[in-house]
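The whole structure should be built from the sequences, with the hints applied where relevant.
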Amino acid sequence: MSAALRTEELTKDYALGFWRKRPYRALDALSISVPAGEVFGFLGPNGAGKTTTLKLLMQLVYPTSGRAEMLGRPVGDLAVKHRIGYLPEHPYFYDYLTAEELLRYFGSLFGFSAAEARARADRLLDEVGIAGERRLQLRKYSKGMLQRLGIAQALLNDPELVIFDEPMSGLDPLGRRDVRSLILGLRDRGCTVFFSSHVLSDAEALCNQVAILARGRLVATGRLTDMLAFRARGWEMVVAGASDALVAALTPRTRRIVRIGEGRYQLDLPLEPPPERLLADVTAAGAHLVALNPIRETLEDFFIEQVASATDGSHRAV
Amino acid sequence: MRMPIAVIVALLLLAGAGVVQAAHDRAYPAVEIEDAPIYIASPVALRRLTEGFNGMAADLYWIRAIQYYGGTKRRLDALAQSPEPPAALADKSDYQHLYELLDITTSLDPRFDIAYRFGATFLAETYPSGPGRPDLAIALLEKGLRERPEKWQYLQDIGYIYYWYLTDYRRAAEYFERASDVPGAPNWLRPLAATTRAQGGDRRMSRAMWLSILESADVDWLRVQAERRLLQLRALDDIDALQARVDQYAARTGERVSGWNALVAARVLRGVPRDPAGTPYELTGDGKVRLSERSSLFPLPNEPLKLTPAP
Amino acid sequence: MKATGAIAINVFRESVRDKVLYNLVFFAILMMGASYLIGQLTAGQDVKIIKDLGLAAMSIFGLFIAVFIGIGLVSKEVERRSIYSLLAKPVRRWQLLVGKYAGLVLTLVVNIGVMTVALYAVLVYLRWGVSPAVEKAWDAPALDPALLKAIYLIFVELALVTAIALLFSTFSTPILSAAFTFGLTIVGQYSTDLRNFQDVLDSPVAQQIARGLYWVLPNLGQFDIKLRIVHGLPVSAGYLGTATLYAALYIAFLLVVSALVFSRRDFK
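Protein chains in written order, with my numbering: chain E, 75 to 392; chain D, -9 to 301; chain B, 267 to 534.
Hints may contain errors.
[Unchecked claim] Not everything, but these chain D residues come out facing chain B in the computed CB check (under 8 Å): (1) His14; (2) Ala17; (3) Leu50.
[Said to hold, decoys possible] Covered by chain B, per the in silico footprint, the following chain E stretches (three or more residues, Cβ under 8 Å): (4) 133 to 144; (5) 148 to 157; (6) 173 to 185.
What the hints contain is simulated information worked out from the structure, not anything from laboratory work. The C-beta atom is built at its ideal place from N, Cα and C for all residues, glycine as well.
As structure tokens, then:
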């Protein structure tokens, strides 16, 4: 499967300070590859370099070194811009235009005829849910409405690859659910979705692959399932019909026992030793197994661990 | 477009613009010097208009005045050097806006010292070195005195103008006396007034006056003026001496002298006589010695080209 | 090219909606008020004064529009980040710049057009009831078509100032851009005096600098023929031609430099 998006040692230094230009490395040798047709999450705490990366991809800033390509063409290629869509962080447009006019304006920049642009605008305004406010001047739009419009303008040209910078920001839970289903819809249509976020639950729900960035460096990347698969923290066992004696006997071998009903207990077991022995003991005591699940590390746990180790052991609030 | 190409294109465009501008300037010389005094005839109105920037506006007009004076003088000098007939220089309206420009300058900034002093010098200069208007020069200095009556230098300057250009020795002495009355004035002004009154147009007295000015001059241009005047006085002396020799020779030999060669051949003179500026003196057809028009000391005071007081 | 045109139209639409054209209302009020007040003066004087006032107001209003919208063209967009979504579209950066410039020039054309009509309307009113014999004695007739020459050069000058504002706005903040543009415009008015400096300066180095500055800085004084037109003095087509050519070349220079700067900068 070819990569819809790829970077190679992409680096960006900013010159800080007026006289002695001390370079500040916002992005350090980023190399990632996004397979076509997948939803790829680009994660990291604030200031990690996510937005910088996206700006480099859109050629809003120029790299210090390294290269990047989208849909097989180097960044900045004009033809490729016909096939991609971009949603900037905190989108802002033109105070005195209406949503309708903005989409038609952008449509004309793609070379669509007036009729074509109008048709697409109508469709997208419906799809993102601001069809009712289409004639309102944008200076009257709320943050959430602007976000939806931002998504609409990113999809105007039916792109093969969309790049979203914090697509959920400014949206209420309903809005977020809408965007989530929209992203999944895009994936189903064969579109590649590359989005950056610091909200991990969204990534967990949507992404096939993720990359985690901290302090300008890539600290982890891969399929979500792979990253979290063998990182079970422990086991959760639910048993029924356990006697008090059994519970007392098992307690030292568990991290926690919670009574959840008559004779029903939830055991929080450590990863080692494997739970087979304990299960045998439970069965032998006359209780029976209701459920046995590995407690997977969440993305949040993983994230914090990765980021913390990247910042030399200091724990940072995300 | 690649960067170096774009830079070259940009520079070519700028150069092109410059070329067009040069052509435009040549074809349509700026006439704003004429327009400005016409449009805002009242310096008072102009002063109100530029309220807050009067100093800068005054500087601007002063620079224009200098450029106007200098440009016109250069142009006339070039004409004088060329083989054109002197009749071309007879029209004296070339400097007509000079007074207006100086008036505006000093209205915008009534304490603009050099505008008064240099301005008066320019105005009084005999044509073609200037408009030859000592009356306007005096008017300008009087204006300066209304603003600053303590300026003895202006009184002194007016005295010179009466003395040198208008040969009105009584008035000159009056002004030298008034100047000497101002506290802080140099102490050679009073004797100067006295001798002016007593001896009027005596060349020796003039020389003494200019020598004293040369010694006490605190401004460069004044020193230069004094040196020039002294050289002119020497030229006058030279001419008198040469004339005497020429007349003597003519009387002795009965010839009409019309060139220096005869005198040089007769060992009356060692070579062609030159004025203190280095230009040879001329001997006219009817035996009169005079300063060459090409000399930098031209015109000497008491020359026939001396002007009459303006109406 | 269609994209550039679309950008231009958008700039025009923004200006219209941003109530920039309200300045025309102010202009109209100014003209009418002034003509009423000075209608007391002898006929001939008031026509001249209205012409002077009208042309000067056109210049000044136009200048403010050129500078304040000009700097907003890029600076404001960059500051507000609206440029991000724009640059993601298949449009080159220089197209953006040229489109914005064209849009503002269009705004200026409309603005000046309306002001011209208003000025002539007021002149018609002033000329009402004045006999042709009296009008002949004036420097120039009331409805002098030569006024259009002066207005044309005012427009050309404004197009140049807009290009200057655009250049500064590609790399500087709105406030600094405004300051630099006003400063350069004022210096450009006095460029002939800069040439005069040469005669006044002593050191050859200073003279060279003055001369160099004269050629490089925009020479805006030549576009001011208001005085000549009002006094009925002729201004040849050749003069208009070379002035226009100069402006075109200088504007092209400014646009190329703007495009260079704009194409290379990072949008933080």
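These are the hints, each one checked on the structure:
The criterion of a C-beta within 8 Å of any C-beta in chain B is met by His14 (chain D), whose closest approach is roughly 4 Å, and the hint holds. Interface restraint check: Ala17 (chain D) against chain B, minimum CB-CB distance 7 Å, threshold 8 Å, status holds. Checking Leu50 (chain D) against chain B: minimum C-beta separation of about 6 Å stays under 8 Å; hint holds. Interface restraint, the segment 133 to 144 of chain E with chain B: holds (4 residues with C-beta to C-beta distance below 8 Å; minimum three).
With 4 residues having a beta carbon nearer than 8 Å to a beta carbon of chain B, the segment 148 to 157 of chain E meets the requirement of three or more and the stated coverage holds. Counting residues of the segment 173 to 185 of chain E whose CB lies closer than 8 Å to any CB of chain B gives 7, which reaches the minimum of 3, so the coverage claim holds.
In summary, the structure agrees with every hint in the numbered list given earlier.
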